[in-house]
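Take a look at the letters that make up each chain.
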Amino acid sequence: EDKVVQSPLSLVVHEGDTVTLNCSYEVTNFRSLLWYKQEKKAPTFLFMLTSSGIEKKSGRLSSILDKKELFSILNITATQTGDSAVYLCALYSGGSNYKLTFGKGTLLTVNP
Amino acid sequence: DTAVSQTPKYLVTQMGNDKSIKCEQNLGHDTMYWYKQDSKKFLKIMFSYNNKELIINETVPNRFSPKSPDKAHLNLHINSLELGDSAVYFCASSQAGTGGSPLHFGNGTRLTVT
Chain A
1 EDKVVQSPLS LVVHEGDTVT LNCSYEVTNF RSLLWYKQEK KAPTFLFMLT
51 SSGIEKKSGR LSSILDKKEL FSILNITATQ TGDSAVYLCA LYSGGSNYKL
101 TFGKGTLLTV NP
Chain B
1001 DTAVSQTPKY LVTQMGNDKS IKCEQNLGHD TMYWYKQDSK KFLKIMFSYN
1051 NKELIINETV PNRFSPKSPD KAHLNLHINS LELGDSAVYF CASSQAGTGG
1101 SPLHFGNGTR LTVT
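For the record, the sequence lines run as chains A and B. Residue 86 in the working numbering sits at position 86 of the first sequence, with consecutive numbering throughout. One rule links them: number in the working numbering = place in the second sequence (from 1) + 1000.
Take these hints with a grain of salt, some might be off.
[Unchecked claim] Here are some of the chain A residues that sit facing chain B, going by a computed Cβ distance under 10 Å:
| # | residue |
| --- | --- |
| 1 | L34 |
| 2 | K41 |
| 3 | A42 |
| 4 | P43 |
| 5 | T50 |
| 6 | K57 |
| 7 | G59 |
| 8 | F71 |
| 9 | A90 |
| 10 | Y92 |
| 11 | K99 |
| 12 | L100 |
| 13 | T101 |
| 14 | F102 |
| 15 | K104 |
| 16 | L107 |
Quick caveat, the hints were computed from the structure, so don't treat them as lab data. Model, not experiment: these values are computed from the prediction. Quick reminder that beta carbons are idealized off the backbone N, C-alpha and C, glycines included.
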């Protein structure tokens, strides 16, 4: 069975800090890795990664995938209180495009 | 306009009752899903439909029955509700394709069984 493991489970930082969230995985047939941000309601899509070594960037957020070592990181620079959320890593794998397997998430709290 | 909408937002009911949650998407996607999120925020897939056809059924008790009347709608009916069914249920949709495509989630239905 596919596994997605996120670390740390929770993190508390001060505004302005830089954080790195980790996601490691074990799959039989990797297709893509996705990052989501969840505040109070629906998870919202951040990035989708399919190739190793190519950084995806959006403002202060960036992410990269290492398919050899089977992990991805999500970086947030100059954190703001609005970055406080649960960050979810998820994986498409195997023969089906229809099943996205989620990790348990990292709860990030950014204090003023 | 809301892309994936589900109703109701909140559902409080007693054990043993039967309830339904409705979901609609206006994104033109082929695939729809139901996910269950527990109190620790773990999202677990329950069902997936592609063009009204059941693709994934993840060892969910048969008290849960999804129905997809057309590819824009996926409803979830739950019979004989139990305390352990209390959770947030998310509907989602995506456009099928090689490598997968991002899921778009509804805002969730918080089900509380007393």
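Legend entry - Violations among the numbered hints: Violated hints (numbers, rising): 6, 7, 8; every other hint is consistent with the structure.
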